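As they're listed, the protein sequences go chains A and B. Read in order, the letters of the first sequence correspond to residues 1 to 196 in my numbering. Read in order, the letters of the second sequence correspond to residues 1001 to 1383 in my numbering.
By construction, these hints were calculated from the structure, which means they are not laboratory data. Here the structure is a predicted model, which is why all the values come from computation and not from measurement. Mixed in with the good hints there might be a few duds.
No more than 20 angstroms apart at the CA atoms, straight line, and that leaves these computed lysine to aspartate or glutamate pairs for EDC-like [claimed, not checked]:
1) B:K1357 <-> A:E14
2) B:K1357 <-> A:D10
3) A:K148 <-> A:E126
4) B:K1065 <-> A:E126
5) A:K13 <-> B:D1353
6) A:K46 <-> B:D1353
7) B:K1065 <-> B:D1099
Residue strings, one per chain:
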Amino acid sequence: MLKFLKQVGDYAKETVQAAKYIGQGLSVTFDHMQRRPVTVQYPYEKLIPSERFRGRIHFEFDKCIACEVCVRVCPINLPVVDWEMNKTTKKKQLKHYSIDFGVCIFCGNCVEYCPTNCLSMTEEYELSTYDRHELNYDSVALGRLPYKVTDDPMVTPLRELAYLPEGVTEPHGLPDNAQRAGLRPEEILEQEQSKN
Amino acid sequence: MYTYGRKRRAEHMEGIDLQQTFIRSLTELGIPSGAAKAIWMPLPMLLMIIGATVGVLVTVWLERKISAAAQQRIGPEYIGPLGVLAPVADGLKLIFKEDTVPAKSDPLLFTLGPVIVVIPVFLSYLIVPFGQNLVITNVSMGVLLWISLSSVVPIGLLMSGYASNNKYSLLGGLRAAAQSISYEIPLALAVLAVAMMSNSLSTVDIVDQQSGYGILGWNIWRQPIGFLIFWIAALAECERIPFDLPEAEEELVAGYQTEYSGMKFALFYLGSYVNLVLSALLVAVLYLGGWESPIPTSLLANLAGVSETSAWLEIVDAAVGITMTLLKAYFLVFIAILLRWTVPRVRIDQLLDLGWKFLLPVSLVNLLLTAALKIAFPVAFGG
């Protein structure tokens, strides 16, 4: 009899424990309801990509010396460099250059190693097409500059995490003069100059 | 308590009675009273069906908004103001979708399944009172009617699971049947304890028994265990998240709904949400004082010095009653949604353990306790 009562008591204790845990869980869920969402309403609002953003690659045709370094550093030898030896100037003459962004992994090795800086990363990331072959950008398409989010009248630009002041994670309703965490490049420059 | 309720009801008999007024005005126009009654009959039913459907739309919207809030999202925002038209868009989409019947299925049972699931749920709205006379029929067996109607539902689920010619569907249907049958019993026992206290199965009597003392008179104080059992069992009956095994998408695709599309799927969807609102309404009626406001309106009227028989007070009373019932019901719906994002789904053996080894004995003890208390304190427990 006593054993049975103990069993009942233990069972009741477990039940109370379980109820307590469910109550704790409910309070956590309830607490989450007061936290404001940081949703970016995408087609209407867009984040401003940071300076280090690795988007679609930009290519300047005239700077290229057709050295093919970009091809060699590329993990999959992606850039297609079409050149011809110019007999008179004894220099390589570039005819076509293309990168297929359906295959590119945006690692930025080509940009890093290009000896003439003719390759650079842009902030463009909206690369959807109806046909994957449209992602194979030729030198003309590679030379286009992306449209800035801040210039688009249809879009509310929002600051990305890198541009937010310290401790702030919500870009909505931020005052325009709020400065990002850390020093700005020109401030660092000033500091260095005053030291010397 | 009980006699007090009876007396109060007799006083209120003069209150808002739309039926009598409607029939009287029609007979004054020269229509025989039988025909007038026949004209009246479909009106509250139609109103109730429309009300239930609108209630579902509101619940779906709330579910999406509250789920979004619990996950720090925004939820539907651009379909109508604050996204209120999102459930309407869902419904329209389902209406226009192709209605497919899978090959080698049983087309008759396949079509009959969702119908059998939905009809009892809507029928159960017969007994939900929103005021003294604001109920379609005050059946003296009200709650029992609801329990028996809700036990028709698993037949439809089993039927659709079997007729789909799909193993997932069959498993889902079997699970639904097992779950509904095991949770019906604690549900009925919890109701029985309430019925014992109010000496009646009629929903109107049950609310009357709780009236008079405002929030202090509600059954939740006298039946806290019964309230919890009822709510758990009702969630299981509605297949809400801790107990949504029949349609567990990670294991069973969508359970018995797997092969359904278009309007037939919409019927299941509608049925499950109507059932949720219905369960919440019944919890409000059985345990949270139904249409009674936390502070009795008659007390407020007395304080304000308004005569209890004045016409506009009756209207205010009715409006407060409807609002209170809906507020309580939607508070419970809110709890159910919050619970959905808090607790994980239980396993089938845990589900049956909880039903048979925990809820059933506890509800039996609760029933015994209620009987003992009723004999010991007949004043407070409706002797």
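Each hint tested on the structure:
no.: 1; hint: B:K1357 <-> A:E14; result: holds (14 angstroms)
no.: 2; hint: B:K1357 <-> A:D10; result: holds (14 angstroms)
no.: 3; hint: A:K148 <-> A:E126; result: holds (12 angstroms)
no.: 4; hint: B:K1065 <-> A:E126; result: violated (29 angstroms)
no.: 5; hint: A:K13 <-> B:D1353; result: holds (17 angstroms)
no.: 6; hint: A:K46 <-> B:D1353; result: violated (51 angstroms)
no.: 7; hint: B:K1065 <-> B:D1099; result: violated (29 angstroms)
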